[in-house]
Amino acid sequence: MLKYTEDHEWLKQEGDEVVVGITAHASEQLGDVVFVELPEVGREVEKGEEIVVIESVKAASDIVAPIAGVITAVNEELPDNPGAVNDDAMAAWFFRIKPAEGEAIDGFMDEAAYQALIG
Amino acid sequence: MSDLKRTPLYDLHVSLGGKMVPFAGWEMPVQFPMGVMGEHLHTREKAGLFDVSHMGQVILRVPGGTAADAAAVLETVVPANIVGLPEGRQRYGLFTNDQGGILDDLMIANRGDHLFLVVNAACADQDIALLQGLDGLTVEPVTDRALLALQGPEAGRVFSAIIPEAASLKFMDVAILGWDGEELWVSRSGYTGEDGFEISVPAARAREFAETLLKDEAVAPIGLGARDSLRLEAGMPLYGHDMDAGVTPGAAALHWSIPKVRRQGGEREGGFPGADVILPELAEGAAKVRVGLRPEGRAPIREGVAIFDAEDGGAEIGRVCSGGFGPSVGGPVAMAILPSTLSEGDTVWAELRGKRIAVKIAALPFIKPDYKR
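Line by line, the protein sequences are chains S and L.
My numbering applies: residue 916 is where the first sequence begins, and numbers increase by one.
My numbering applies: residue 302 is where the second sequence begins, and numbers increase by one.
It should be emphasised that the hints constitute simulated quantities derived from the structure, not laboratory data.
Take these hints with a grain of salt, some might be off.
Said to hold, decoys possible - Calculated lysine-lysine pairs in the DSBU-like style (CA-CA distance at most 35 Å, straight line):
| # | chain 1 | residue 1 | chain 2 | residue 2 |
| --- | --- | --- | --- | --- |
| 1 | S | Lys962 | L | Lys673 |
| 2 | S | Lys927 | L | Lys656 |
| 3 | L | Lys669 | L | Lys589 |
| 4 | L | Lys471 | S | Lys927 |
| 5 | L | Lys656 | S | Lys1013 |
| 6 | L | Lys561 | L | Lys669 |
| 7 | L | Lys656 | L | Lys673 |
| 8 | L | Lys589 | L | Lys516 |
| 9 | L | Lys471 | L | Lys669 |
| 10 | L | Lys347 | L | Lys656 |
| 11 | L | Lys347 | L | Lys306 |
| 12 | L | Lys471 | S | Lys962 |
| 13 | L | Lys673 | L | Lys661 |
| 14 | L | Lys561 | L | Lys656 |
| 15 | L | Lys471 | L | Lys516 |
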């Protein structure tokens, strides 16, 4: 089941890991993405820590870790093809994170709540 | 946004899906549904239509005199060869201050019995006040005309299909051409590094004229976002970013706009604000000068990013004044004012998010302009 953060990230639980990307709404707001900088695999991150840099033609922005945990994988194709974020935001995942003890995504918004947020 | 001014094309922008933003006191389209990248590439491949009506249009004349009489007065505040500007031609110039800094940049056209100026939106009030303070000059701000720019390799074909006489204009020529009972004030110039035209059109007919151009399938509406990336790739400095009241013409690499005749030993040497700073600097060479930067990798370095002379430690030698992603270059490009001891191909370092990224000094422009000379 998909969950959403107020920072316009989508979160998908897969086994004991969470896959993270940005929403189509966010990618539209950003405009053409031209650069993506991903975290190192194995990095331990705090909730709210800025771990991805996205640059569009217009501006730079960050993706924060939605929960604390360890980065288990990153989408290696993105730095070479940053435009994939605009082409299909749901397919262009950024990283997988293994939640730290006691962390879960249950409390985040569901699809309906997120749609209400972005109006 | 109620205190923002709107151009005669505002409703057209909205109907075309333009995303409107505040810019220099105006409500302007930053992009259209095509997006900044698409609009940029479209302009380089075909033709882009820009609304630049926010810029100041001003007529200068000496009552009973010619353009040359007005030019002689304008030369007291602009270090360019305006007296020697032939009728039907346009030149680039700068307003300077007593410290040798740049107050604004402008285009100056000789139209026989008067000069026609185009100045930056944000500086227009200041420039007009400055001109009104000059003796013997009549200053007429043009407030009833829109200004459009048609830019790109297909601009010549598109515009001359509507107005055949436009085809004979060469780069920096100006002319008054007729269109459907109206006078268009046309120059073959622009701010994108492409061939093209800037067209002053009566406000009441501006939308109709824009729609006439947009009927050609080669023409797309383009917003401020792509205007900025196009001019950056073309190595053109932007007022308030690459030059301002604290930057000299030499440092801005705009020395070419000050010709021999206004320099030391020239026939009309000096006679403009800051000449005592600007002229020695031009003779000796500026200590710092605006250069192009090509960062390694894909990360754009933007305005304000600090430039260092070493990978670790070292000294900060300047800051990026304009930077971003160049869609036609296919990578990041930037400009900074750096010590003139550096030369093309030298490496400096940009501090980006705590890391130093190697950046090569590059020649400007980043793309090859295609002007019709």
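To see whether the hints hold, each was checked on the structure:
1. Our distance criterion of 35 Å between C-alpha atoms is broken by S:Lys962 and L:Lys673, whose separation comes to about 57 Å.
2. Under the criterion of a C-alpha separation no larger than 35 Å, the hint pairing S:Lys927 with L:Lys656 is consistent with the structure, at around 31 Å.
3. The straight-line distance between the Cα atoms of L:Lys669 and L:Lys589 is roughly 25 Å, inside the 35 Å bound, and the hint therefore holds.
4. Distance check on the hinted pair: L:Lys471 and S:Lys927 sit about 59 Å apart at the alpha-carbon level, beyond 35 Å; violated.
5. Restraint check for L:Lys656 and S:Lys1013: the C-alpha separation of about 27 Å stays at or below 35 Å, so the hint holds.
6. A threshold of 35 Å between alpha carbons decides the hint, and for L:Lys561 with L:Lys669 the separation of about 26 Å falls inside it, so the pair holds.
7. Proposed proximity of L:Lys656 and L:Lys673 is contradicted: the alpha carbons are some 43 Å apart, above 35 Å.
8. Annotation: proposed proximity of L:Lys589 to L:Lys516 is violated, straight-line Cα distance about 47 Å (limit 35 Å).
9. Restraint check: the Cα-Cα separation between L:Lys471 and L:Lys669 comes to about 18 Å, which is no more than 35 Å; the hinted pair holds.
10. Restraint check for L:Lys347 and L:Lys656: the C-alpha separation of about 39 Å exceeds 35 Å, so the hint is violated.
11. Between L:Lys347 and L:Lys306 the CA atoms are separated by roughly 30 Å; this keeps the pair inside 35 Å, and the hint holds.
12. Proximity of L:Lys471 to S:Lys962 is assessed by CA-CA distance (about 60 Å); at most 35 Å being required, the pair is judged violated.
13. A hinted pair counts as satisfied when its Cα atoms are at most 35 Å apart, and L:Lys673 with L:Lys661 qualifies at roughly 31 Å.
14. Under the criterion of a C-alpha separation no larger than 35 Å, the hint pairing L:Lys561 with L:Lys656 is inconsistent with the structure, at around 44 Å.
15. Between L:Lys471 and L:Lys516 the alpha-carbon distance is near 25 Å, which keeps this suggested pair within the 35 Å criterion.
In the structure shown, a violation is registered for the earlier hints numbered 1, 4, 7, 8, 10, 12, 14, in ascending order.
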